[in-house]
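Working from the sequences, and respecting the hints, build out all of it.
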Amino acid sequence: MSTLTYILGWPLLAGILVVFIPQNYRFAIRLIALAATGVSMLLALKLFAQFQTGVAGYQFVQKAAWVEALGISYHVGVDGLNIGLIVMGAIVAFAAACVSWEITERQKEFYVLLLVMTGGILGAFASLDLFFFFFFHELALIPTFIMIGVWGKGEEKNYATFQITLYLTVGALIALVGLIALYLQAGANTFDIAELTQRLTANPLSVNHQYFIFPLLLFGFGILVSLWPFHSWAPLGYGVAPTATAMLHAGVLKKFGLYGLIRVALPLLPEGAQGWLHVIAYLCLGNILYCGLVAMRQKDLNLLIGNSSVAHMGFIFLGLVSLNLIGLTGAVVVMVAHGLLAALTFGLSGYLRQQMNTLDMEQMSGLLRRFPFAGAALIMAMMAGCGLPGFANFVGEVMVFFAAWNDFPLVTILAVWGAAIIGGVYMFRAIRKVLHGPFPEWVGAHAVDASGFWRRLPFALLLAVLLLLGFVPRLLTDKIKPSAENIVRLATRTGGSQLEAVKTVQDR
Amino acid sequence: MNATLTILEAAVVMLGLVILLLDLWMPAAQRRNLGYAAAAVVGIIFAGSFLIDASQAQYAFGQMYVMDSLALFFKRFFLLAAMAVLVMSVEFADRIPTGISEYYALILFALSGMMFAASANDFILVFVALELITITFYILTSFQRSRLPSLEAGVKYLILGALSSAFMVYGIALVFGAAKTTNFNELAGAIRTIVGQPVYLLGLLLVLVGLGFKIAAFPFQIWAPDVYQGSPAPTTAFLAVGSKAAGIVLLLRVLFSAVPEVTANWTKLLMIVSGVTILYGNLCAIPQRNLKRLLGYSSIAHAGYMLLGVTAMSIAGSSAILYYLGGYLFTVLAAFTVICVVMREVEGDDISGVAGLYQRSPLLAVAMTLAMVSLAGIPPLAGFFGKFLLLKAVIEKGAVQPMYYWLIGAALVGVVISFYYYLGVVRAIFWSKAAESQTVIPLSRPVRFSLYACIAGMLYLGIFPNTLVNAAIQASKALRL
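Protein chains in written order, with this note's numbering: chain A, 1428 to 1935; chain B, 10 to 490.
No lab work stands behind these hints, which were simulated from the structure alone.
Cβ atoms here follow ideal geometry from the backbone N, Cα and C, with glycine treated the same way.
The reader is advised that the hints may include incorrect statements.
Partial list, derived from the structure: chain B residues whose beta carbon lies under 10 Å from chain A [unchecked claim]:
no., residue
1, 102
2, 328
3, 375
4, 404
5, 412
6, 415
7, 429
Okay, structure coming up:
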């Protein structure tokens, strides 16, 4: 069995195990959750270390037929595109399990859902079969809704749950229709991504079909990634979600849509993609500029982080539309970096809310005085968020800007403005408002900084990886390169003239 | 003549008669347990059905009765359903003051009607089988003689059922008048000349009205919520699973074995019926507070989903229906078993009756939750894979006829709406303030077993669908598709 099966299997197994543990054994339940996600994380790191850099094909593959009549098989494997995402997902999952001490009610149910969600997320990124790709995503999505609905905080909990459920279900179903249509049009009677890629490279779909299927995938996946103007579920949903859920969803699960676009939509529907690139380029400006401006006006720290997280999705879309090696590599790097960053910021804001009982920025100031560790981590996270060199986000975003310049100069200029100026403004204002100044008197002595190994571990871990990848981005980019080259080659194949253009780009 | 083919039906009828006779000699206190015996024997008959080889279609009674893979698939389905319903009825026995043995016997007679329906290859047998089902259900729905809602349900079902039977028999007469035969093989074979005749088409339309009533498809769904709400819970369960599946198998036989040419022209009609049924069922379910009524509307919606497979007019479509029914069987039976046990004290079957169920009985809570989640179509349960197959079958046709995309749109809207009310039930189970009675609910061993079986069925079919998918494809090959 492939290591990947263990990575996604341990959390799921642990989830089933927890079901059978009586409710009172809280410590045992928590221990199992930590152990399962921890083992998953260590296995993912081992996978990362053993991954053969510079090889384009899938590694650690395992394949077993599941429903032969329909060509569905359990097929997992990693290449440069998903190795980073799986490692990032496993790390975030462990961090999310660590911060879940804040849950005091119905812990058993919470941990079951958390573990199922973790297994689903890792499975979605590891799957090389369209059916399981979607299956695992749904498996992770439903716990998200339940966790927000039950353990969510704040007055708008019910509305936010309703909204996020509606949006994401619609998005997932539209994407499902697109995936099924793709499967049927390919006519190969297989859901296997590798086989479909081969088949569609040899006999591409007619342009009409591609133009029809691509928007289904684009908007279906787009809703899942909070592509403007389908983003309004995200800030509010993350605002009320329990910390672990927000970390896992904003950090990891949300990237599923982008991963789907890169893994499925671009290489299998090249002409459809090229026809729709301009639309995405302008929609992603909506994310970067509009959501950035909205973030500037927020009075609640969580809503600010939520909006900024939506804004960051714009950079990934921009890297995607540039459709060249640098752009796609950059997009994947931003996906990994933003996953760590979102988990870090939501983890910290959750911690602060737990201590302060509010996240209203009007009421908070001088948090660094009482929370030196959490406050400093928050400053670093916010710096990473506005693209400070040294953090992995900078690497990815710069690559994206370089790549997009050729085809979309105007969009790039506006996007850089959005990243450097708008992002800088709201992040620095938040830092000044919340972290500096006098500590408010109304806060009682119960609010204390994160101390002790287990409280600090999740934040330290996420920061460390963010910095490591910021200083040594080659760890990721070298792995991504061969796979991204492959995707670019497949996504830009159409007529002869364009093929030539690609060749020259690649030669360069 | 090959009357031995009907051995399964004969066994079921015999069992029913034996139970009626045993009732005469048994002390009243013991009669309740006849249900377990009946369920066990039905289980033996189910096991026996695997000895029958139906890979080749065999006929009996002058081609009126056919034994093929489709018939066998549905017979097994009905036998399984009846087993769970019988176990449920034992649980319900104390709420039926007199004559529990008759209740068991009637369930068995309805079961034999369903099994005949699965083998119908002639409009005459269609009618006889349907009447056998419907008339027993008139009694079963109003079996709680002292309860007004039960009587109301019985009367409503009687009036509307009789009306639809009248439509059906009128339609059959018209078809016979035009085609001079009622046999499906002959209808499909020699009569291409009459396909365009208005009398013939009108006759078929009226037959479809009768079948639409059985499966509660729009616009013949009006009875379903009231009858579901008023009937005893085991009756409702059997109505939701057995009677609906009987309607579906007859619909498949009539549309795809008897008159495939006509069906091909009626695609749009079927698409509209399917789409409207889905939307109607799901929208009306939103405000419901009565659990049985909610499931009544949900069963209308599910009839619409199954019709999706009919509109696809392909092996993929009909095998998707069969798979869907397989998942639906375990799901609905789990839900109604829970309702039957929990709603003992609660008058009105209000959703608040399941509030705090998790504290009272984790097994019931888990079974109900999984049932709701499966009905909503969430992985890894059977309902998800069934919906996936149905959608796939319809999308496959979208390339030919764009109207299918509107149908898909309606189905997706329906699925999204259904999340709201199904998850509302789950919410009530786990997170709403519990009602006054916080006592632990006692569960008898057979009910426990039946619930475990339903849970295992939902999960197994969802996680390992291969077996049932292959069986469904095999069975659909019996149709002329």
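Against the structure, the hints:
1. Hint on residue 102 of chain B is violated. Least Cβ distance to chain A is approximately 33 Å, over the 10 Å limit.
2. With a cut of 10 Å, the hint placing residue 328 of chain B at the interface with chain A holds, because the nearest CB-to-CB distance is about 9 Å.
3. Evaluation of the residue 375 of chain B hint against chain A yields a held restraint, the C-beta minimum of about 8 Å falling below 10 Å.
4. A least Cβ separation of about 5 Å between residue 404 of chain B and chain A falls short of the 10 Å threshold, and the interface hint therefore holds.
5. Because the closest C-beta pair between residue 412 of chain B and chain A is about 15 Å apart, greater than 10 Å, the hint is violated.
6. At a threshold of 10 Å, the smallest CB-CB gap from residue 415 of chain B to chain A is about 12 Å, leaving the interface hint violated.
7. For residue 429 of chain B, the shortest C-beta to C-beta distance to chain A is roughly 8 Å, which falls under 10 Å, so the interface hint holds.
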